[in-house]
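J.: Listed below, chain by chain, are the residues.
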Amino acid sequence: MINWHSVFFLMFGLVACGFSVAVVLTSNIVRMAFYLIIALAATSGLFFLAGADFVAAMQLMIYVGGTLVLLIFGVMLTAKGPFISMKTSAGEWILAAFVGGSLLVVLLSAATSVTAWNSPQEVAPEAQVTATRLGMALMGARVDTLTETDPVQRAGMSGYLLPFEIVSMHLLVVLIGAAYLARPKKRMRSGPGQTP
Amino acid sequence: MAEFLQGYLAPEVAYLVAALVHAIILINVVAVGALIFIWLERKVSGRIQDRLGPTRVGGKFGWLQTLADGIKLVTKEDLMPDGADGMLFRLAPYVSFCASYAGYLALPFAMGWVAARLNVAVFFIIAVLGLEIFGVILAGYSSASKWSLFGAMREAAQVVSYEVPLGMCVVVPVLIAGTMDLVSIGEMQSGWFINWFVFHDPFTFVTFWVYFTCATASVNRAPFDLAEAESELVAGFHTEYSGLRWSIFFMAEYGSMFAVSGLAAILFFGGWNGPIPITHWLGLADATNPLLHYAGNFLGMLNFVGKCIFGVTFMMWVRWTLPRLRIDQVMTTCLKYCTPIAAAMFLGAVLWTYWFPGGLILPNGYARVHEGQTTLEPNPDSVDRRRPRAASVVRVTAQHQGDPRD
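Protein sequence lines, in the order shown, are assigned to chains A and B. Note that the working numbering numbers the first sequence so that position 86 is 86, with each residue one more than the last. Each number in the working numbering corresponds to the 1-based position in the second sequence with 196 added.
Chain B on its own, in the form it takes in the complex (with noise of 0.2 Å):
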């Protein structure tokens, strides 16, 4: 986007407004999907207890409870206990939602739609994710209170045990690309949905279900929800907080919900690739012209957003669904079961592309349309990204990277 914008401003000018494009884009799309998924939160919740959720506010769905909220948040009195250490409490809720915030950078929502395309993008929304935390331990220690203290604790324990089997099971997608560039991952998942790596191997399919477990237990959602255990700890790290800054905890935890379910729809489900390649039919995804390449890839957005609003609906199923697990209950599903199932699924899916490197029963990439012009090169902006000879040794290098000679 700089480059585009060059033509028009200056090169400093053009770098800053590129920048700050992306950021208030994604910016807006943490916030505006809080809005939402707090509605939607209250309505699932509501249907699942054979309720009807809001129906009064803007109209007979209820559209604008949130909004109602947000204003009753905003008028509420913001205390702080006496015993608090200030600074750290006051920061706390912006640490969570910076680092929310921060895992948008890497999460590409179409090809090549993404506001930085790191090589190791993976890793990277692995890690500053993990961040999130701290903010609610900085607020559980900074409120001064115990139940605050006993809800960053467990939150603590249970988010650091939680990170090693999530850790082993996003590499195993990684493994079977061979790459960690999540726009190179989602690419090669192109074509009907039997190319998503969830059905790549049986290994692959139980290792969503593992990795789907552990990310709602590393967001802090319900069943998972130690750290504000309403019926034992008042309400956990956040019981000193109130009107707009307990809002931010919940900003932060609505971001990286969708945040883990969009690395779960790139990683497992094909990212913005659909179930039926329908932009491959209408031949927008290898279009020359430029806005009929655009609307290919807004396609492709809407996809991958519906997948990840799919995502985040189902935590607020189980969430509403399963009762709250007691600690050492969570302790033992990480350590007990999820670890030692990512580890065995992970050597299985090892020998599995050992074994089979073409797939079982159809090779793999078969349902791939267009052979030799889905996009697999390296960089998506440059100008000849149809050849054919470079995306196939690009597909190459990434099948076989255990040969040096690559």
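Isolated chain A, as found in the complex (with noise of 0.2 Å):
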């Protein structure tokens, strides 16, 4: 009897985990955000299977789609030589071992500590899965909430209208600095021996 499940888990864990490790040990840029993509792709992998398909696509769109624009802002655009690697020296591969490792550390400690993921359970499945509930808790109204009786814990339950403003304002002023950045600079253009 094989468990499909914990096949494909185990395959989208080992590509992810082993691709992560491959982007530490290359030294050529390229490809370690290459293999970083296969990596978080991988990720994505796994929430698709935890039937988080709203989170899944959202990793696809952000973190596999941003390390794409990473990779060609930060990367190719700033790169002196065709083909750019990076040399750690032994002080750096020291520091970011002891940092990795205890982060490694905690966060396997922390995951170890809840009883409840030590073994396998069977969770009752939700008859359906939707994206519905968090698309109406961002625009304020927590559907999820609907069966609490207690007014006063019922008024601390409230949506996420307010941070999803702030973030959108937040990333609305980015924007316009942006623009205002990049915008060209009618000074400069009427100077003397400038062609435009």
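Here's a subset of chain A near chain B, in silico, CB distances under 8 Å, partners left out: (1) Trp4; (2) Phe34; (3) Asp53; (4) Leu60; (5) Val64.
Calculated from the model, a selection of chain A residues having no Cβ within reach of chain B, i.e. all distances over 10 Å: (6) Ser27; (7) Ile94; (8) Phe98; (9) Ser102; (10) Ser109; (11) Thr112; (12) Thr115; (13) Trp117; (14) Asp150; (15) Val167; (16) Val174; (17) Leu181; (18) Arg183.
Keep in mind that the hints were calculated from the coordinates and are not lab data. Treat the numbers as computed from the prediction; the structure is a model and nothing was measured. Ideal Cβ positions, reconstructed from N, Cα and C, are used throughout, including at glycine.
Can you join these two chains into the complex? Each is in its own frame, and there are hints to help.
T.: Now the structure itself:
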């Protein structure tokens, strides 16, 4: 009896771990970005496996797409030579290993301390997992708390409309700032000897 | 399908067989589709330029021209520049193809005929098709050629910009439908063609044209094919590619053309629901007999594929009619025209559904055949798929998304 769920979980997990290690070990920056994208895409596969379609698609859109933009604008436009490779000194290796190792220890101890996660459990499948509740919570209506009868507690279970608006205003400010920085400098253009 | 096979096979084998069948059918759709579309492109371009196109290989219409092309490409020498980054150079075409192919995972071909019915299918397809340019950028970078690099950078700038208006256009039908599930969106437009979302209100009509412009740009077709502008950049990102590896890029391109046309067909043109509800008249759509139901779905699939082919042909028509834009004109089209228009149409569609929630002249779903039996329920495979009450509850939920009591 093969449990395909476990097989795919192991497959995606191994791909994610393997390519994460490859990101650290390679010295070519573009290959590094390529491995990072594969590792992140495998993580999104794990989310799909868990039935969290929305989070998985988000992972693809934001992290994988974001790495792509990072690769283009952070690496290619700032490169001096054709194929950049990154040399890391021994001190950097030790520092990185210390930071990464301590983070790993903290996360592993936290994960193993939850008793519910120590063995596989049967979770009652929800009838239909949709992104609707998530969207409505962002619009200010928490449909998952309608059963709460205590009015004091219900008042605390408000939606996420205010954080959502703050984030969108923040993004708008960033966009306007970027447009301001990128606009042509009119005074420069009229100077002598400048071609428009 | 896995549930059906479980009656005959062990569960683990059944799931494997079901997955393989879906994967093989879809890869054939992409590959055979590319064969047909390359032939069609030659014929269409020939007709537009007052030529005949291929006429000799395989009969009067040159049916086998693509196959002959393929044999030629296989026999070509597979070159790689000395300075290239070998691994990335070899992998880049497959990255493009994988991204294009993965989009089909969530694309329904008829009611319930979808490999994986995702709740966020629209979002998934947009996210995955956006990854196709990753292969192009890798190809351009790893070729160690200035033409390739220029092509890749243009492609990156173009696709990253065009994703913004494309996403905004896609949101408009999603907003009207109240769901991102493509099967439900398609089924909401069943009946006569006036139920199609493109005719829902004036704003969706304009949105469709903006969507089509942005989709053409995001699959890198002329007049937006700046990445391979042969008049300036030799051949752009695939300058250094030859043989079969080069053709995989084009398989990916035709695959994504079909995918964005399919998305347009479902979001705006009713998907598998025809202009005339023939399957409803024949009683096939609601048939309890599995064979008749299958026949209804098959007709729907033909309808959907026909719409997709029409969309692809339209893209070819545009390609051979309009001259290629300059890169600054491409950016102007996106940032100064498409994005503001898409934003205004989004706002307009919101206000329209707020002021005229039941439609302006005819109520929404006026021409829907067999009211209460059209399927909007969450799971098409469930046994009680024709229970009218479940369908009406779901429709109410879909129409009143703003009401928190739902």
